[in-house]
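So the sequences go chain by chain: A and B. The opening position of the first sequence corresponds to residue -2 in our numbering, with each subsequent residue numbered one higher. The opening position of the second sequence corresponds to residue 151 in our numbering, with each subsequent residue numbered one higher.
Simulated from the structure, these hints should not be mistaken for laboratory data. Values in this document were obtained by computation on a predicted structure and should not be read as measured data. For glycine and all other residues, C-beta sits at the position ideal for the given N, C-alpha and C. You may find that some hints are simply not true.
To list a few chain A residues with every Cβ distance to chain B over 12 angstroms, as calculated [stated by the list, open to error]:
1) Gly21
2) Ala57
3) Ala69
4) His79
Just so you have them, the derived chain B footprint on chain A, three or more residues with Cβ under 8 angstroms [unchecked claim]:
5) 2 to 8
6) 13 to 20
7) 91 to 103
8) 122 to 133
9) 180 to 192
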Amino acid sequence: MERFSFVFLVAGLGFFALAFAVSGYIPMLPVDRLEVRTVAQMSAQVPLSFVELKEQYPDAFKKAYGDKPIEAALAEALEVGHKSYVGEACWHCHSQQVRPWGGDEATYGRVSFPEEYHNKLNMPPLWGTRRIGPDLIREAGKHSNDWHVAHFFHPRDVVPTSVMPDYPWFYEADGLTPNKTGLSVIAYIQWLGSWLPAHPETIQGVGAIERAYPEPKFDRPIAAPAPAASPASQPAAEEENGGY
Amino acid sequence: MSAENHPDSGQTANPQGGAATTLTGALVNESLVKWHIIAALFWFGIALFAGLFYSMQLIKHWPLPLIPVLSPGRIRMIHTNLIAFGFLTNAFFGMLCWTVPRLTGKKIASNFLGYAIFGAWNLIILLTYIGLHMGEAQAVEWGETPVWVDPLVVVGAVLVAIQFYTPIIRTTERAMYVSLWYFSAAFVWLGLTYIMGNFFPQYLVAGNAAGPLLGLYIHDLVGLWVTPMGWGMMYFFVPIIMKRPIWSHALSLVGFWGLAFFYPLQGVHHFLGSPIPMFAQYSAVVSTIAIEIVVTTVIINFFTTWKNGNTSIGNNIALRWFWLGAFNYALTCFQCSLQVTLTFQQVIHFTDWVVGHAHLVMFGVFSFWIFGMIDHLWPKLTGREWYSRALREWHFWLMGMGLAVMFLTLTAAGMIDGFMALNLVPRETILNAMQPFWFVRTFTGVAIIAGFLCQTANMYLTARAGRVTHIDTDYAPYEELEQETTVGTV
């Protein structure tokens, strides 16, 4: 037993393969029939915020994405924004998963489910292991585009206690208009969670979405819709406290 | 160090005693050991400053200009990657160049390959460093190495395997010392882990199928590369320093098989609460708790060896590093078996508790053991006495206390963060509550950097101006120790 070949084969290869099977391969099986959605597929559903972005910054938008149809522009924005999100290590301070415990659901909205990660922008997934800033997987629509534009330039202007870095290179020389990177990152962040039937889901509306809309698995029976809890009271509160 | 053992002399003391005359040139290429240690400390210095700067961002005092290449997020990734691959791995390569030939009685495959590995590996680190500055990161934690560098890392891992498997296979020893067990498995683990973590989630599987692999990668890099290297190093140097064999060879083997079996199974515990199926999450929790029992064997073995010996950790700084590392390891393991439970997870999962835990393991255990090795080896590599005992003490106490305070601060911060989040306190308020902790943490970083400067200054002065010696003042000549402890047949 005390031989190199035994250690190499059993411990080095054998146990590693066993662990890969148990912790890597078997967890793949429940999702192995899900289609990995491409960016083009996902950008077919354009969030309202992206349309607004085009209207708010028409020149910058045209400079960044040309005269493409808005779906194609969104696809490009998601690619560029995702690359920036990874390269700037946003995912090291912002998680992208809502856990079923720890106050996550009440703070951020519906608990994460496998289908929403099964796409090209989650290769590898950006779940994250640290939350210095808030979770972002339900971020779509929680803040306006204007809020994001102000926030990326100098986060403490809008959130005084923030420790997020400034990103002046997301802007043109005037420091007001987002450039292609800035537009794309905002588009990407505003897209996160936009696939859910309605947003934002905040602490005021806990459970409202779940009552109103079916589970996202399309082969399951659809529950009876019910009105969301006082959606009208939300916007004003959000402006004040930044979405919480 | 004796004159015979100097690489220039062309002669060497042989661990087996009899066969020295059949060797041409030195058994150990000490120049390689030395260069790997210097490279390790070079990257370590950059990583320390990266960590300090990033901590200053969190107390809203970013010290660098606001330009893209110096973005705080990129600096954070440089901190972790340079520690894992630049510092720890370089130091381990140096350690292997020293230990493997002594354990096997055979030279490494080739000196040229040794320098090629040195060059290639540091080129990889350099490319990673540049790539991260340029915003080319890959979204794999601890593996942010840009995708265009990944194939090079695999090539590097293969070269390392060839280099060190050669003496292990060629050896005529009847039984392998436990360090070699760890090394033998770790070389193949390094390559497999890297391929699994950096290629599968990037090109083959997405989302929920890729997440477990990311968890496995984070954990296997620590558990199947850094840990076996660290344990093997500890099992080699502690008996040498203490001039007595480890307490129990059998117990060390229990530790090995326990590590080999349980460690790879627990990666999913980095994503507890994610959409990964719960059976995978539970299996990770169970195997994590199981391995804490196994790693206790290492701790028992170390402290029993230390208790039965008569080497004072007051006088012997190298052993003191190993002692503090083992103490931190016991603390880490105890902490780990608690924090992996779902009860703890709901509070501490996304908080600084985990950051404190990571520093306690990577810095408080494995880096400290590396410092113990350097403290022991540097006089032998330079042929000179340590220039200043005081600087060695400062190095120890600044880093030791710096880490202790940092760990306590981050752990407290993590609990406060976690409980506030659990009670639905908005993040803005939590960030305010974190400020005092982060402020203290920055100063612990300053202390650690001061310790690092003491260490490197002392090493430089030793090499330049240390008293030339043939017998180390702290320890008996190396070759005697080897015969006494019969390395390779314990």
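Results for each hint:
Glycine 21 of chain A, annotated as away from the interface, has a beta carbon of chain B within 12 angstroms; the closest lies near 5 angstroms. No beta-carbon of chain B is positioned within 12 angstroms of the beta-carbon of alanine 57 of chain A; the least distance is around 18 angstroms. Against chain B, the non-interface label of alanine 69 of chain A holds: every CB pair exceeds 12 angstroms, the least being about 22 angstroms. Non-interface status of histidine 79 of chain A relative to chain B is broken: a Cβ of that chain comes within 12 angstroms, the nearest being about 9 angstroms off.
Only residues whose beta carbon comes within less than 8 angstroms of a beta carbon in chain B count, and the region 2 to 8 of chain A has 4; three or more means the coverage holds. Here the region 13 to 20 of chain A counts 6 residues with a CB under 8 angstroms from a CB of chain B, which clears the bar of 3, and the coverage holds. Coverage of a stretch by a chain is defined here by at least three residues with a beta carbon nearer than 8 angstroms to that chain's beta carbons; for the region 91 to 103 of chain A and chain B the count is 9, and the condition holds. With 10 residues having a beta carbon nearer than 8 angstroms to a beta carbon of chain B, the region 122 to 133 of chain A meets the requirement of three or more and the stated coverage holds.
Evaluation of the coverage hint for the region 180 to 192 of chain A: breached, as 0 residues show C-beta separations to chain B shorter than 8 angstroms, against a requirement of three.
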